[in-house]
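There are 6 protein chains.
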Amino acid sequence: MDSRNNAKKNAELRSLAPGDRFCGYYLLKSIQPATTAAGKPYLNLRLADLDGELPGKFWDYAGPLTAADAGQAVWASGRVDTFQNAPQLTLDNLRLTDEKDEFDLGRIVPVAPYDAQEMLHYVEQTLQSLSDADYRAVCLAVLERRREQFALLPGAKAMHHAFLHGLLMHTAGMLRQADALALLYPDVIDRSLLLAGVFLHDVGKLAEFSTTELGLVGDYSKEGQLLGHLFLGAEEAGSAARALGVPAEKTMLLQHLILSHHGKPEFGAVVYPKCAEAELLAEIDMIDSRMEMYRAAFADTPPGQFSRQRVYGLNNCMIYRPAQEE
Amino acid sequence: MDSRNNAKKNAELRSLAPGDRFCGYYLLKSIQPATTAAGKPYLNLRLADLDGELPGKFWDYAGPLTAADAGQAVWASGRVDTFQNAPQLTLDNLRLTDEKDEFDLGRIVPVAPYDAQEMLHYVEQTLQSLSDADYRAVCLAVLERRREQFALLPGAKAMHHAFLHGLLMHTAGMLRQADALALLYPDVIDRSLLLAGVFLHDVGKLAEFSTTELGLVGDYSKEGQLLGHLFLGAEEAGSAARALGVPAEKTMLLQHLILSHHGKPEFGAVVYPKCAEAELLAEIDMIDSRMEMYRAAFADTPPGQFSRQRVYGLNNCMIYRPAQEE
Amino acid sequence: MDSRNNAKKNAELRSLAPGDRFCGYYLLKSIQPATTAAGKPYLNLRLADLDGELPGKFWDYAGPLTAADAGQAVWASGRVDTFQNAPQLTLDNLRLTDEKDEFDLGRIVPVAPYDAQEMLHYVEQTLQSLSDADYRAVCLAVLERRREQFALLPGAKAMHHAFLHGLLMHTAGMLRQADALALLYPDVIDRSLLLAGVFLHDVGKLAEFSTTELGLVGDYSKEGQLLGHLFLGAEEAGSAARALGVPAEKTMLLQHLILSHHGKPEFGAVVYPKCAEAELLAEIDMIDSRMEMYRAAFADTPPGQFSRQRVYGLNNCMIYRPAQEE
Amino acid sequence: MDSRNNAKKNAELRSLAPGDRFCGYYLLKSIQPATTAAGKPYLNLRLADLDGELPGKFWDYAGPLTAADAGQAVWASGRVDTFQNAPQLTLDNLRLTDEKDEFDLGRIVPVAPYDAQEMLHYVEQTLQSLSDADYRAVCLAVLERRREQFALLPGAKAMHHAFLHGLLMHTAGMLRQADALALLYPDVIDRSLLLAGVFLHDVGKLAEFSTTELGLVGDYSKEGQLLGHLFLGAEEAGSAARALGVPAEKTMLLQHLILSHHGKPEFGAVVYPKCAEAELLAEIDMIDSRMEMYRAAFADTPPGQFSRQRVYGLNNCMIYRPAQEE
Amino acid sequence: MDSRNNAKKNAELRSLAPGDRFCGYYLLKSIQPATTAAGKPYLNLRLADLDGELPGKFWDYAGPLTAADAGQAVWASGRVDTFQNAPQLTLDNLRLTDEKDEFDLGRIVPVAPYDAQEMLHYVEQTLQSLSDADYRAVCLAVLERRREQFALLPGAKAMHHAFLHGLLMHTAGMLRQADALALLYPDVIDRSLLLAGVFLHDVGKLAEFSTTELGLVGDYSKEGQLLGHLFLGAEEAGSAARALGVPAEKTMLLQHLILSHHGKPEFGAVVYPKCAEAELLAEIDMIDSRMEMYRAAFADTPPGQFSRQRVYGLNNCMIYRPAQEE
Amino acid sequence: MDSRNNAKKNAELRSLAPGDRFCGYYLLKSIQPATTAAGKPYLNLRLADLDGELPGKFWDYAGPLTAADAGQAVWASGRVDTFQNAPQLTLDNLRLTDEKDEFDLGRIVPVAPYDAQEMLHYVEQTLQSLSDADYRAVCLAVLERRREQFALLPGAKAMHHAFLHGLLMHTAGMLRQADALALLYPDVIDRSLLLAGVFLHDVGKLAEFSTTELGLVGDYSKEGQLLGHLFLGAEEAGSAARALGVPAEKTMLLQHLILSHHGKPEFGAVVYPKCAEAELLAEIDMIDSRMEMYRAAFADTPPGQFSRQRVYGLNNCMIYRPAQEE
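So the protein lines, in turn, are chains A, B, C, D, E and F.
Take the first sequence: its letter number 311 is residue 311 in my numbering, and every next letter is one higher.
Take the second sequence: its letter number 114 is residue 114 in my numbering, and every next letter is one higher.
Take the third sequence: its letter number 159 is residue 159 in my numbering, and every next letter is one higher.
Take the fourth sequence: its letter number 101 is residue 101 in my numbering, and every next letter is one higher.
Take the fifth sequence: its letter number 216 is residue 216 in my numbering, and every next letter is one higher.
Take the sixth sequence: its letter number 54 is residue 54 in my numbering, and every next letter is one higher.
Simulated from the structure, these hints should not be mistaken for lab results.
For clarity, every value in this text was computed on a predicted model and none was experimentally measured.
Beta carbons are placed, not taken as given, at the ideal position from N, Cα and C, and that holds for glycine.
Each hint should be verified, as a subset may be incorrect.
As the list claims (entries may be wrong) - Derived EDC-like pairs (lysine to aspartate or glutamate); straight-line CA-CA distance at most 16 Å:
#1 Lys264(B) <-> Asp69(C)
#2 Lys250(F) <-> Glu223(A)
#3 Lys264(D) <-> Glu266(E)
#4 Lys222(F) <-> Glu223(A)
Said to hold, decoys possible - Selected chain C positions facing chain B (Cβ under 7 Å, derived; list incomplete):
#5 Asn10
#6 Glu223
#7 Leu226
#8 Leu227
#9 Gly228
#10 Phe231
#11 Glu235
#12 Met252
#13 Gln255
#14 Pro265
#15 Glu266
#16 Val270
#17 Val271
Unchecked claim - Okay, the calculated beta carbon distance ranges per label pair:
#18 Ala299(D) <-> Arg242(E): 42 to 48 Å
#19 Leu50(F) <-> Met159(E): 44 to 50 Å
#20 Thr35(A) <-> Pro113(E): 37 to 43 Å
Start from the sequences and build out the full structure, keeping to the hints where you can.
Take a look at the structure:
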């Protein structure tokens, strides 16, 4: 009998109970090939979806998946058993997904709440609109080189925008702000410089993160930890600008915006913001990060109540969601 | 012969030289009635305009002006003499101005670079547009009660917007930002609450400042120093809201926005911002203040150069004005 | 047979063992009505006394107590059973207490170590002794309005005086200090203002706390979290003073003492203390809080030893209790 | 003719005008013997009183006073001349004072506003009252050894109690407080230990200061700068206690009180206060210092006004003196 | 049959499995004599070695070891049983070790990785080489008095050099540095003073720690907590110097070096370093501590990787061990 | 008559008196060509040497020197006149120096107290000794490109090593330390990496400073202010390493050492030191800077005394120079 008969399909892992059969798409959180006392190969593994994970065994499994496949999306099926009073999966089928598999990635890993293609299109259109040809060229060159990563990666390991396309969403949100605010302070703000700074401010994160196969931040890379994303981004922007023959003054300004966007040395800025665009960039970054933390906290905070947890990035406070006006 | 013949009219004080005759409108910076050894009354005074000031004497002056008139605009005429190697005015005419005098106030005291009537109109129109009737009512009530002061006073004693109509300009600038940003974060921001918070956030300053006749901040008032403008504003907003029967939740939110708008206790906030509108209000305030500091610093910083002085409110840095792109 | 025969009466919960019968007064820590698989109503609950708590079941219980009764004192009886290797109560009787029940509240919730009536009498007598009629009137008006709460509530959620009548005990302790110190610094201290400030400094806590039925602080109220007890107290004192026609200078001083009593902005003060009474009030508050932390820590620190735990409010140190002199 | 005929006697130096003759007691602020071009000896000197000082010359002066006599009280007489548009004294008489001279020291150097003998008597009586014989013995031994210095020296170089007998006044003020507060917290405070700590807490200052002949703090001594008065005091108290055979526990407690009396390492404490008496001592010290700063600031702050200067030790605020109640 | 037949000798505790017999030298981590329900005496105890510990019972044990023997090295033998699913030792032999026992102490308690005798010899030789007879005499006197403790004790309770002979190793490492650096800055550094300061800087720790029988730091002593090792060391050095008639200037300098070696008050320094030798001593201390933290962290950090844990004393970072160059 | 007859040659400017004739080598501090009312060209200028400067005029001067020559060494002669009661030079000769002029540069600008050629030779020899070919190659390449600047420039604008060849002296001093300390901690320190880091740590200063003709730091350059010398140095080292094909790991480590050498973000570090060589580099930098501050302070601090001024970089203390041992 096919194990998928009567099986719960794509069920949330936390809803599975001993005795259930299951099949569906999951994240292969970890995988360790092993050998029984009797010398037979098997797998220790963990499957995960957005809200939970379960340990499992695949007996008599001899490949092709190995420890290197951890972090991939898989199709799996089998049965729910019990081990030490807790549910454990016994698998009879396990393979990596490919393009022909149609499933909702957002069910197994966190994904931005907006459409990635649209956001990417918006970012590109906005960069095309920069009136300064030098700043425009640097941005488009960096986008060209980094497009895939830039569109896919999270904005952070934790704190805010820690989901697929998060960096893209953060960048798009900041560009929208920058466009609106540049209009309000035309005496002091050069729109092209500000928007270029917004686009470039976190590109160093693409080198700072070491990501899993699916694009999630596994950890910081060596470069990320030893050099920091401000330095990495400024070095990359500088090299792109020099390759395009951008004047030294403008290259320096782009690098200044990147190096100062954390606002103060104690928050990680390499230098204080010293031009109006750098100052505004740092504020815009703060606003978009914090509004996103509120959006995320609202997910489990009903109107008229405080969040159950303190939010680290919001001064470590429990935040309040105002009651809805009737 | 009339002393005003051949007199320089409304001349900048720093351009006057011994021997000149002068007449025009000035600020009466200080005035002390005195008596000569021979028992005759005279005045020691100082006249000022935007860029300088000069000491003066008015011999045989018996009134009506007294020490209480310091800080007023006056019409004055006389001659420039020399005392201890420095110029000193000898007056033959001095009177307070009234409505019939037509002169440019901005020549003798610092004034906002935008039209006060237009800004006030914009603020009022924007408050009329609040969809929440309660928040709208509180704002309009406070505006009604404080209109004159609100339209006239500076935004601060020093630091930023320290000129006539400065508070109005600061409020208008923040409302424009708030209107733009509320659109960008509709999931977390209630536009009515945010804009009401912006309008009310500094009303406590109207009680915090003790102003000169012409509206400039002479010093902080007793209440300002002992209670602070955050408390004063929140108490005033609360009493206005209660008088209008606004629900307690909304009154509390308005007060929270006012009390938290300095962002952190170490910057003077009574509480941390704990709702999204409070957080955004604090950021908007920061942006408008700092963009104004850049605007002001640009006045004597040529493109491609650093400011000559450190700017206290901008991390005490010398700020850079980017070279103009050609 | 009556279950209370042979039952241990008012036994400490931690002394109960499986097989014991029990009856007595306890705190109903939590209560959740539920239904068995067979459709019968029962209660999941937890009883508590000063030193421990136990889970329990009341089978076939259909009311009248509901989840809303958590936090009340109850009379309960039943038997001690075992569930998952731990004791669990099986109840056969459960009711709220009323005035006719005579029992020692201090056995089930923490209570101040001094007599509440005597302390309240002392506070009231002391307020009557203020020579300044305005300050006296404000204090007595606030006391009148808040008497019951003021006499019952703890002084804090944790840290110090976190027991019934704690605020009263803290206030009385501070008044005693204030009375003694006002005598020592007559050149700079107005006794009436100082003592009024002492009495009023924490009245905002009455609105800041949201308390359980028995008067213990469950959590901070919305107002407490969004406005803070300094603001709430100063607003309340101001409104009481204005209702009594107290001169503005005195109202302002009372508000200043309340708003500054945490000493520094980074400790939560709205403004720095700027008059001698405000300074002294902040010090007196510190002394009484810290002496109480020592008193509490001594409960399980023998002479000649250090406390077993670090005391957060005493610089997070393990504190030393000197050996007794013989 | 005797120069003292018609001379203004003990006149304030700032009241002297060219042409006046003067005689009286003054502070010899500085004195440098010199020689004229013609080879004749003379003195350059400065005389001072509480509110001013004047330069002077004593022509043809061959001794006995030398540069080593700076900082002494002198009797001087002579004439007021003019040098470079400013008054300069020409002396005809100058000698050190001795016991037979009767004059008000407080007119030429700052002196505590209370009677030193009475304060010293109070301190000694209070030490005699300590019930613990060990603590009493240590205090009396240190007092015996240091009596003269202790009674004479200021409490600080600046900040507070910076006048003759200042340390005595500060100690007496703190003992009065300690006596009152020990009564209020008998559960945690050992009166003998607390009062002994109060008496000893600043004895290290006697070695920390290097004082002028008249007892004023000229500067910190080498030991004061390199070891600090907390260490110096604790070492001295420890050696006194060991000489008296005081038990180690008590010696250690006395040293702990001295070493911790600044409250926190960042304020100069060697260790945090870790027993109740140490904690209370630190608070009492703070109160007495700050009340004295208020007392001093009131000298030129009228009721209902703010001090003209910021007071460094009071959070660098301008402090407010409440209006007198009528 | 002798229980030691077939027994695993000196086996690592974590390698023992139920059913094994064992014998060998271990640390007696804890020991509580008890009595069975039947009235028979037995021991509850825990044996430990460097990497693990196990609970055990010794039935029918009536002495001579008691609770006071915790922290000693013992010879033990017995069997490994199981209790509540975990291994538990059943002992049949247990005695304290004495000089005749030959075993590797480093297998059961952490020991410095260098030979203690050689290090002690180096320290003593170096002190003999001080050209200043006074500084040399003070050091040798202190070494004489404290030799055993100084050679045995750890350098700290945690953080760095927290193993037997740790203080000796730290001192030797610092002396080597000091000797090298004194050569490089001969204009400002007095080698004798610097090296004496190095030797004396932590002698206060010998009184600050309360150590176990084997020399490990159990906890801080009362004096350590209430007075701190900087004070204790400076007082001890001062008394040694005075006993030897060392000039006051030199005594003061030695005390200054000890009191300032933590660099800043917020790191525990009593005073800031104010002479070049004090400054250099503080830096040398920092370097030796931190290099040791790296050495210790390398133990489980392979080349080319980050440490698994954050290292508190290294700015709480995960530290990187560079890849080996090939 | 030739003006140089009887002229004081190379006299210190502060020793010149009205009426003197002078000739010699000086620093041309400033120079402004001007025109008299009568239309004749002349120069306003200032000459300076190490201890002073004087204003001067050169009448009827038509070139060739212009405002662009400020900051150069010149030969000048003329007469000392008086203008407004102060000395003013009247020049009759003024020309730039060239190689043929032999004079002591150290008399007119501050110069390191050691021989620059010897120090440069030492640095180069040491770099040649690096066993790691990659690190050696990067250092030598950077030295080659920057040799002249590196040998000439000061180490800072103020604070320490603020004289010609200061950076070279600082680098040589640190290399000597590094060489000694690498030997002492061979388990954790790679000598090649450490010494390469020392050499490269401040190369960013060569771009950070904008220097005068003679090599003194006039001000920070735009890049210096907007990007900082840590970023500039790391970018330069990275580009040199990549040009040489150095492995990425080593390039990253060199950049890490440069970016972290200020120790903490609040002191300007881009990242915390996270490898042992980075940690040690930061300490070595601190030591060499501070020992130099002591050396400099000793210049006007006699033995047994405190410095007259507080030294900003030494915790803003007045530092003590120990009395000489006899």
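Checking against the hints above, which ones are violated? 1, 4 and 5
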